[in-house]
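**Student:** Order-wise, the sequence lines are chains H, Z, F and G. If you count the first sequence from 1, position 306 lands on 306 in this note's numbering, and the numbers rise without skipping. If you count the second sequence from 1, position 514 lands on 514 in this note's numbering, and the numbers rise without skipping. If you count the third sequence from 1, position 162 lands on 162 in this note's numbering, and the numbers rise without skipping. If you count the fourth sequence from 1, position 66 lands on 66 in this note's numbering, and the numbers rise without skipping.
Keep in mind that the hints were calculated from the coordinates and are not lab data. For each residue, glycine too, the CB sits at the ideal point set by N, CA and C. Misleading hints may appear alongside valid ones.
Claimed, not checked - In silico BS3-like pairs for lysine-lysine, Cα to Cα no more than 30 Å straight-line: (1) K125/Z with K309/Z; (2) K38/F with K306/H; (3) K162/F with K126/F; (4) K755/Z with K126/F.
As the list claims (entries may be wrong) - Here are some of the chain H residues that sit facing chain G, going by a computed Cβ distance under 10 Å: (5) L124; (6) I128; (7) Y130; (8) Y133; (9) L137; (10) T149; (11) Y156; (12) S178; (13) W184; (14) I200; (15) I206; (16) A300; (17) S337; (18) L338.
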Amino acid sequence: MVEIDDLHERTLLAPIAHTGRGFYWAVAGLSLLILWGVLAYLVQFSEGLGVTGLHQPVSWGFYVTNFVFFIGISHAGTLISAILRLSKAEWRRPITRMAEVITVMVLFIGAGQILIDLGRPDRLMNVIRYGRYQSPLLWDATSISAYMTASLTYLYLPMIPDIAILRDRLGKRKLLYSVLALGWTGTEHQQRVLNRAIAIMAVLVIPIAISVHSVVSFVFSMTLQPMWHSTIFGPYFVVGAIFSGIAALIVAMILFRKAYGLQDYLKPIHFRYLGQLLLIMALLWFYFTFAEYLTGYYGAEPEEMKVFWAKFTGPFWPFFWGMVLCNFIIPISCLVSLSRHTIGKVLAASLSVVVGMWLERFIIVVPTLSFPRLPFPQGIYSPTWVEWGETAGSFGIFALFYLLFTKFFPIISIWEIREGREGVKEVEERLISYLPGEIEEKT
Amino acid sequence: MQFTRRGFLQALTATAGAAVLLKGRPSKVGQAAEDVERWATPEEIFVPSICQQCPGGCGLLVRTLDGEVAGISGNPLHPINRGTLCPKAFGGLQLLNDPDRLKGPMARAGERGSFRPIGWDEALKIVTARLSDLRTKELSHTVAVLGGQYRGYRDTLWTRFSEAYGTPNYIRVRCLAPEKPALAHHFMQGVTAPVGYDLAKAQLILSFGVSLLEAWLGPVHNAQAFARLRRSSERPRGWFIQVDPRRSPTAIKADRWIPIVPGTDGILALGIANAIIREGLYDREFVEEHTFGFEDWVDGSGKRHLGFKELVLRDYGLLAVSAATGVAVRSILEIARSLASIKPAVVIGERGPAYGADDLHTRMAIHSLNALVGNIGVPGGLLIQGELPLAPLPVAKKDEIAKRGLAQPRIDGAGEEQYLLTADTPQLLPERILKKNPYPVNALFLFATNPLANHPAKEAFAEAMKQIPFIVSFSPFLDESTAMADLILPDHTYLERWQDDQVTHLAGFTCFSLAQPAASPLHQTRNTADTMLGVAKALGGSVAESLPWEKYEELLREGVKGLFQAGRGYVTTLHAEESLRKVLERQGYWVPEFKDYDGFWKALLQRGAWWDPTGIPVSRKALLKTASGKFEFYSTALKEVVDKAVKREGKTGPFFSALGAGKEEDLLFLPAVPIAPAEETKSFPLRLNTYRLLSRPTGGGRNQPWLLEQPAVHVEASWEGWVEIHPATAAAAGIKEHDSVWVESAKGKIKLPAKLYSGTLPDIVHIPLFGGEGPNPNDLIGNETDIFRGFGLLNTTRVRIRRA
Amino acid sequence: MALWGMVIDLDRCTGCQACVMACKAENNVPAVGAKEAKRGRIISWMQVLTETDEEHHGEKTRFIPRPCLQCDDPPCTKVCPVYATYRNPDGIVAQIYARCIGCRFCMAACPYNAKYFNWHTYQTEKPGQNPDVSVRPKGVVEKCTFCHHRLQKARERALAEKRDFDPNDYVTACAQACPAQAIVFGDLSDPTSAVSKLAASPRAFKLLEELGTKPKVIYLSEGEGRG
Amino acid sequence: METSDRLIRALQWVWVGFAFFLVGGIIIWIVHLIRTSWSLDDTLSASIGISLVAIPIFLVFMGVVFYVFWGVAVHGRER
């Protein structure tokens, strides 16, 4: 193994240089989950969607919930790293790549949920040949493919300098790295081109990310179903997405911090800032939920109230109150004071938010379908092992690809850390420039 | 040889072309022609047929493509259903193509239940050998024939066979005898033909427990009448009151649902009579001139007799009636006033299962309301069912053995002792066979009936069948009873056989439906009529002479000749032509449509039915045929029968004591229903009421998936029976919707899913007669017998429920 | 162009389900079996819905036979991503079984729940089926088509007999089978047709009319009392 | 310019070509959607409206990828 002298490079390249036993255990566990998911899908593909718990009024269930959930998590990455990069928040440096990787991985899995949900996946080409833009599903397809290309580019560009380091320092996979590094030698012209490109992408990604999740919500709000057909769905889903995105990011950061010993890169200060961001989003999310249900309750249309009471006191009350508990009560109580053992509190809050947000998507999709407008005979939707299998498989695939990514590329962007250390003086001047009045020269 | 594509096609069409000319449609000429046959459009013929899924007798139009049945729709010309159908008719498609149908005759191999297929000739040989052996041993009377719910020439054939063979035991196992008048009508009006109800013109229908729109004799015809009652251009919207312990779909569609304690319909009727009489709303003119026994009267020997009016005013005060029936006084008054004011009205009190213990007097009480408000002899009221002018068949020849056999007493004891008034008492069969009273049964024929499923005393029946040495079943399916048989001679389904149906009892017109086989038989089954004609011929002697026909078709052809020569009625034609003929007939011209009988027969096969719409006897003279020529509240005919029985057996005899020992003398002959004291209900608090579903065909329809999947509309159920429980009663027992529940009676217990249904009185649970494999309410029903109609009492059992 | 529509008189309808079974026989709609039915996957193009109004003391129950209402502004065809369901020139919302990818978006969008899904392969070629209607494979959505194949056959028969098409030749299986003649089918655009006259009755109302889907099945409410 | 250097450069062209192929494919698909909706006369306005937003965005992506490739891989080497 080549001796790597620079301190940062050594710690940040450590995960790529050698793989510990933990990695193999993790891969084994995750591949078990994936096996369960693949098995479940094969059974469903041969026998039809009848093996799931779906039935006549409730034609959508776990898969659509997972679709919205994973697309929601994808907002963690580019949106947060783009905003932090544009607002020049220095503490973003170790976080941006981790966030962007979540986005790219989870987008593929999110879009994959739609394929799993199709009754006839073998006729997918029909969407290409006979697609029609009047259908919100096609809006989804377009905006998700735009977001996918945007986040892939936005992930790839800042990695070029790091891949160049890998090409020079690391012995392994020289050809791959040299191709991907696009001949990066760190010249001043290349640096200027890269910075300008990243700036453009940062600006471009934010509106696309917002469009993705509002279009995902249009799949529901464009229909005439009670408690779906409402104007709040667009922003509500975007807020929910950012909320669940930050939570997922925090969980990933804590896991990698522990696994790869990145304690002095991901300091408690990072978690305190992200925790506060999570707190703000929790309050915002609660505000939107409160607004939606209050308007529904006050308006008291019979069909709306049927679904409303089904959520509050009817068969779906455990999921609804579980959602409120996980999304509001636990995060607020954890995140209010982050001075002492920040990591533990933030981890608890974000884990509960991830679970809560999955419940929130479930509460939006299933109750409305379970209580249609006309007195249609209703059954209660209970998912079968196939649906649990595919959910577990999706989480497994996401975690496995994330783990493999850390084996090929540094999870924290080395050149940005170095740029941060060198540019401290420049940051100082910028801070002073914010202050009013003349800057008297300090001798 | 290298075939170019074009060459191949030319060769193909050439052979196909030849094939077409050969037999009128492409025959199977080698593999290549297979595709051609599939491409060629099949020959589409619509064959009229008759639906046998219930006794309604609706006309079908079966669509056949190259001889294969591809669809069923209503026969637009048929007078009963005019092209419309009920849901069961479409189950016929699945009945025909049912994979579980027996493929051919089978004989028992080893112990009961295991069978080996045999050929038809061998099967017939076995039957003939057994029957002639019994005849020679002078045991012809020990042969019993059980017949289910059918009518027409199949019934005539079996009657002739039993007479010619010499057995009195041709027993009909059915709770509804549509071709005979109800006992109440016979005793109060002396009619011999069944009484019909002019539902189409009635302005008010008051129905006591008769689920018009679901069961009872032709729901399609009743639905059409109901539709005209509700919305028709000629008259305002009619009024429909349903008195029923259950809020059945009929009660839902009624303007008023009157929940009532099961079995107390008669008491309610008398309560209504009380209200009508007290407020003087009854039809004074009709009651004074055309009824007998209304006022108190003195008979020849100077003895004072209680009149109907005095009976009602004395015993049936509104408070007492309301307490007994659970119907509020206000409702009783409302019914009475609307019944008296809305004209023409009709009160229907006639249904398959018995109302309760005292069924005869209950029906007399209900029927007396018709007289009170003068519905008799007016359009929109009661009618008499006309006679079908079929050609009389030569009398069956009876040789010595037959005469001696027929002289023997019947095994079911119908017409003796307390069952004096019944034609068949299938309820008593099991115990009398077991006790070998009056004699052991050596052979049993089961035709269109499955006693081990739909007979209330089915466990006893199973025991009884074990002792019968020779059992023959004609069922096309291997149902419970057929599994116990020694020989199975499977019958065609109704789409594969010659078929007739003489519909009586509906809107008064007489209708004879005739059907040729719609499709060639799918399996080696045979029309039971042909089988029995074959057996008769093989038995020879007087049996062969009294059943001379080669095939069932010839019997039909001989009988239908009567219609041709009747000089009235028409083969059904398009509506326009029909109305023209009616106009002509009113002026007395009846123009024969056909010159010869062949033309008449072909047209009848082509159009499906013959009917005589005109001259429906509505007049009072036709309706009141009693000795006094009046409507008899106090039935003199019943008195005669009772006096004869008393002379024969004395007052302690079984008939008199069953009829009403200890009651006041006059109450026997008046429509007096005793108000039973509230009985103690300690161990079995709830009452059980069974009912028939519109979607369940006779014969159980065990394998008609469409009908099994959506059996009912008022509850959410599919593929299995259920028990309807009032939400309050269910909550008390901790039962939620769809929980499976044990329903227990003194006799047995079954497990069914519970359906919470608020359309019932809290202390009654309802179980549909679902048929098919599932748990059977007959396991619960006690074996009380209705002494007037010989069938079991289906709504007097007391049960209790608990969560399974 | 003919505007095919249907009037269902709820006063006459007895909830007997003859229309349901006639539709199943005519269109080879499968019976899904006991297990699948218990899971709530019954396919019934025409379905009689029972609306009970619990609050009223003598609670009122109403039978509503509900085919596909063939809306003129269908919410289901808007959302289909592959043009597998569309409003054809005859005004009937048709379903292309060969193109449907089974995403079930149209099922979620239809406020009347008139669309049904083949969760398994329920129906295969069996004897006694109607050859004019194709059997649907697993994984596709199916719905009432106003017996559209009967319209095509009626047109072909008119062509074969060299006369112009008579609207009365075309009637749906449910309208033909209804014993109470509660279902009347015909051309709404022709003012002399029975359907148009009935549609003008004061009792006429449309199901969920406020949603603006402009359904072509018009219901006549039940009458009260006499007259 | 040893062989491995030329191989890397070729592979880099392939890598960027693949990116162009992807984004270009999506643009062509959107155009195809417009054409079908125009030929079927099925809400043409929706297709055009969305493509007015979508196609420029994808073109921008193409631009950025090309700009980076040109700036880093081709010119940036020397200066």
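**Student:** All the hints need checking, so say for each whether the structure fits it.
**Tutor:** To see whether the hints hold, each was checked on the structure:
Our distance criterion of 30 Å between C-alpha atoms is broken by K125/Z and K309/Z, whose separation comes to about 64 Å. Taken as a hint, the K38/F and K306/H pair is honoured in the structure, with Cα atoms around 23 Å apart against an allowance of 30 Å. Only pairs whose Cα atoms come within 30 Å are accepted, and K162/F paired with K126/F is rejected, the gap being roughly 35 Å. Straight-line distance between C-alpha atoms of K755/Z and K126/F comes to about 34 Å, which puts the hinted pair past the 30 Å bound.
The restraint placing L124/H at the interface with chain G is violated, with a minimum CB-CB distance near 13 Å, outside the 10 Å limit. Nearest Cβ of chain G to the Cβ of I128/H: about 6 Å, under the 10 Å cut. The hint holds. For the restraint placing Y130/H at the interface with chain G, the shortest Cβ-Cβ distance is roughly 7 Å, inside the 10 Å limit, so the hint holds. Given the 10 Å rule on beta carbons, the hint for Y133/H holds: about 4 Å separates it from the nearest Cβ of chain G.
Proximity of L137/H to chain G is violated relative to the hint, the smallest CB-CB distance being about 12 Å (cut-off 10 Å). Using the Cβ-Cβ criterion of 10 Å, the hint placing T149/H at the interface with chain G is satisfied: the shortest such distance is roughly 5 Å. The beta carbon of Y156/H comes within 9 Å of a beta carbon in chain G, closer than 10 Å, and the hint placing it at the interface holds. With a cut of 10 Å, the hint placing S178/H at the interface with chain G holds, because the nearest CB-to-CB distance is about 5 Å.
Satisfaction of the interface hint for W184/H is found here, the shortest Cβ-Cβ separation to chain G being roughly 6 Å, below the 10 Å cut-off. Interface hint status for I200/H: upheld, as the beta-carbon distance to the closest one in chain G is roughly 6 Å, under 10 Å. Against a cut-off of 10 Å between C-beta atoms, the interface hint on I206/H is violated, since the closest Cβ of chain G lies about 12 Å away. Taking 10 Å as the C-beta contact cut-off toward chain G, the hint placing A300/H at the interface is violated, the least distance being around 34 Å.
Interface restraint check for S337/H: the shortest CB-CB distance to chain G comes to about 43 Å, outside 10 Å, so the restraint is violated. Violation of the interface hint for L338/H is found here, the shortest Cβ-Cβ separation to chain G being roughly 38 Å, above the 10 Å cut-off.
When held up to the earlier numbered hints, the structure conflicts with 1, 3, 4, 5, 9, 15, 16, 17 and 18 and fits the remainder.
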